[in-house]
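Undergrad: Okay, here's what each chain looks like letter by letter:
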Amino acid sequence: MKSIKEINQKIREGNICVVTASEMKDLVSELGVEKAAKEVDVVTTGTFGAMCSSGVFMNFGHSDPPIRMQRVWLNDVEAYTGIAAVDAYLGVTQLSEKSEEYGGAHVIEELVRGKEVTLRAISKGTDCYPRKEIVTEISLEDINQAEMVNPRNAYQRYKAATNSSNQILRTYMGTLLPNFGNVSFAGCGEISPLNNDPDYRTIGVGTRIFLCGAKGYVIGEGSQHCPPYGTLMVKGNLKEMKPEFMRAAVFPGYGVTMYVGIGIPIPVLDAEMAKATAIRDEEIWTEIIDFGVARRERPVIKRVNYAELKSGKVEINGEEVRVSPLSSIYMAEKIMKELKRQIEAGEFFLSAPVERISKDCVLKPMRLKEVKLVRSVMTPAITVEPETSVEEASKIMIQKGINHIPVVKEGRLVGIITSWDVAKAVAMKKVGRVAEVMTRKVITTMPDEPVEIAARKMEKHDISALPVVDAKRRVVGMVTSEDLSKLLAR
Amino acid sequence: MMLQLKFDPKTVKKPIISLATLEASALLNIIRASVGPREGELVVEVEEGKAEKVVEVLKSYGVEVHSIKKAVERDEEKCVHCGACISICPVEAIGFDDEKRVVVNTTKCIHCGSCVNVCPMKALALP
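Residue numbers (our numbering), protein chains in the order written: chain A, 9 to 498; chain B, 46 to 172.
Derived by calculation from the structure, the hints in this document are not laboratory data. Just so you know, nobody snuck in bad clues.
One-sided and incomplete, this derived list gives chain A residues near chain B with beta-carbon spacing under 10 Å: (1) Phe56; (2) Leu185; (3) Ser192; (4) Ala256; (5) Pro260; (6) Val329; (7) Ser332; (8) Pro333; (9) Tyr338.
Pairs of lysine-lysine residues, derived as DSS-like cross-links and limited to a Cα-Cα distance of at most 30 Å, are as follows: (10) Lys223/A x Lys123/B; (11) Lys153/B x Lys115/B; (12) Lys243/A x Lys145/B; (13) Lys58/B x Lys438/A; (14) Lys437/A x Lys417/A; (15) Lys250/A x Lys167/B; (16) Lys437/A x Lys58/B; (17) Lys145/B x Lys321/A; (18) Lys167/B x Lys318/A; (19) Lys417/A x Lys432/A; (20) Lys167/B x Lys223/A; (21) Lys153/B x Lys167/B.
Where a beta carbon is used, it is the ideal one built from N, C-alpha and C, also for glycine.
Go ahead and model the full structure; you've got the sequences and the hints to work with.
TA: Have a look at this one:
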C-alpha cells in the first residue's frame with residue numbers, strides 16, 4: 009500500500025519509478041501483480057484522438073468605450089456569448105461562416121501556435137456598454153484567460169463503425185466504404201486512461217492530468233459517461249498548451265473537430281491498481297455497428313476486442329475487412345513518455361481525487377413527441393410495366409398530375425420513369441417502351457422509415473420522390489418532396 | 046511500372062491504348078482515367094520488361110508519357126499517424142511501422158488518390 013502523498017514525496021526525492029501503460033503490461037506478466045505493485049509507483053496512460061466535445065472559454069478584456077458582445081466571431085467562426093460582456097466559449101466543431109473546412113479547432117490551434125486571429129463583435133449597445141461594433145486582431149498573449157474546458161473527452165472505449173449500405177458514407181467515424189468495405193474505430197484501448205482504472209479509484213474530480221501539453225484537471229465525469237464507455241470532463245490553460253499535442257482536423261463530408269492529447273498518471277497504490285493497469289487489448293470489448301442504418305439504434309454487426317481492431321483486419325460475414333484506427337497510438341505513446349519524463353524530472357505531481365466519478369451508466373435517449381414515419385405521409389402508387397409505352401406513361405402522368413411512376417415487373421420494383429425521362433425520350437425521338445428510358449437504379453424508402461431519413465435520401469441524390477417498398481421490393485406507395493414539405497409546413 | 050499518359054485533342058480521339066497493347070504485345074492496366082472530348086489523362090500500369098516498348102509505341106502516336114516514380118506524399122509535419130487512410134487504400138499500400146507510424150509502400154501505391162480525400166489532417170497529396 010502506498011499513498012499519493014508518499015508517491016509525491018518520491019517524485020520530490022527523485023527516486024520515483026514510472027512506467028508507461030505499454031511497459032506495465034509486460035512488467036506485470038513478468039513480475040506478477042504483487043511484485044509489480046511494489047516496484048512501480050506510477051503508470052502513465054495516454055490517448056490522442058478526435059474529441060468533438062471540446063472548446064475554450066476566453067475573456068477578451070474590455071475595449072474603450074466598452075462593448076457587451078452579443079455575437080462574436082474569431083476568424084469568422086462564431087463563439088457563444090450568452091455569458092458576461094467579453095466572455096465567450098469557442099467550440100471546436102463550430103464552422104467558419106466562410107469555409108466548410110475551417111472551424112473553432114483551427115482558431116484554437118492558430119492561437120496556440122502564437123498567431124493572431126481577427127475578432128469581430130457586435131452589440132445593440134447599452135447604457136453601460138455603449139459600443140456597437142468592434143474589429144481587432146488578438147493573440148493568445150492579449151487575452152486575459154483562455155481556459156480549455158471540454159465536456160466530453162477520453163472515451164474509455166467506443167463503438168467501431170462499418171457500413172452495410174451500397175453508398176459511401178462520410179461520417180464522424182471517417183469515410184466508410186460501401187458493402188462492409190472497411191471498419192473504423194476510435195480509442196487507444198489498453199493504454200487509454202480510463203481502461204487502466206476501470207473502477208475510477210484514482211481518476212476523479214481534481215485529478216491532475218496532461219492536457220495538450222499543459223497541466224490540466226479532471227473536473228467531473230464527461231457528458232454521456234456510461235461505463236464501461238466512460239468519459240471525462242477536463243480543463244486546462246490554453247496558454248500553456250503545445251501545438252504538437254493538439255490538432256485541428258476535418259472529417260471530409262462531416263465537419264471540423266480537434267484531436268486532443270490527454271495523458272493521465274495512475275498511482276499504483278496497491279496490487280489491485282497494478283492488476284488494473286495490466287489490462288490488455290484482448291480484454292477490452294466493444295461492438296462494430298452499422299452506419300448504413302441512419303437511426304439512433306444502429307444494428308450491431310459483431311462484438312470485437314481492441315486487439316482484433318488493432319490487428320488491422322476483422323472478419324465480417326466470412327470476409328476479411330480492413331480496419332482503420334482514428335486515434336493515434338503513436339501520439340498516445342509520445343504523450344505517455346512525455347508525462348513519464350515530467351514526473352521523473354519532478355515537474356509533475358499527482359493529485360488525489362476529491363470526489364469519485366459515477367460507476368453507473370445513465371444514458372437516456374432524447375424524448376421525442378412522435379416519430380413521423382413514411383407510412384403516414386405516403387400516397388398510393390400508380391405503377392406501369394416495362395412493356396408499357398412511353399406515350400401511355402406520359403398520359404398517366406398528365407391525368408394523375410404526377411411526375412414519377414415506379415415500374416414493376418411481376419409485382420417487384422424494377423425501375424422508375426419520370427416526366428424528365430419522358431421529355432428526354434421525346435427529344436431523342438426514342439418514344440418506345442418504358443423499359444428503354446426508365447432509370448433502373450431506384451432509390452427507395454420503406455414504410456417504417458422516419459420521414460427525416462427519406463428527406464435526406466432525396467436531398468443527397470437530388471431527387472424529388474421515392475417509391476415506398478416492402479421487404480420483398482413490392483411497391484406499396486410513393487412519397488414525394490411535396491408530401492414532406494407539407495408535413496414540415498404544418 | 047506506372048506511366049502517366051497525356052492526350053491532346055488529336056490523340057484523345059484514337060484508340061491508342063488498344064494499339065499499344067497490340068503493337069507492344071503488352072498488358073496495360075488502367076489505374077486512373079480522365080478522358081474528355083479535348084484531352085485525356087491516364088495512369089497505366091505496365092509490366093516492367095515491356096515498359097520500354099510500350100513507351101516507344103505511345104510516343105510514336107503522339108502521346109505525352111511520363112513515368113511515375115513517386116507514391117502519394119505524406120506531410121510529416123501534418124500527419125499525426127491516426128491511420129484513417131489505411132483501410133481506404135484499395136491496394137493495401139499504407140500501414141503502420143513498428144512504432145505505429147503511418148508508412149506508405151511507394152512501390153504498391155497506384156496513385157488513385159482515395160487516401161488524399163479521407164485524411165483528417167490533409168497530410169496526403171499526390172505529387
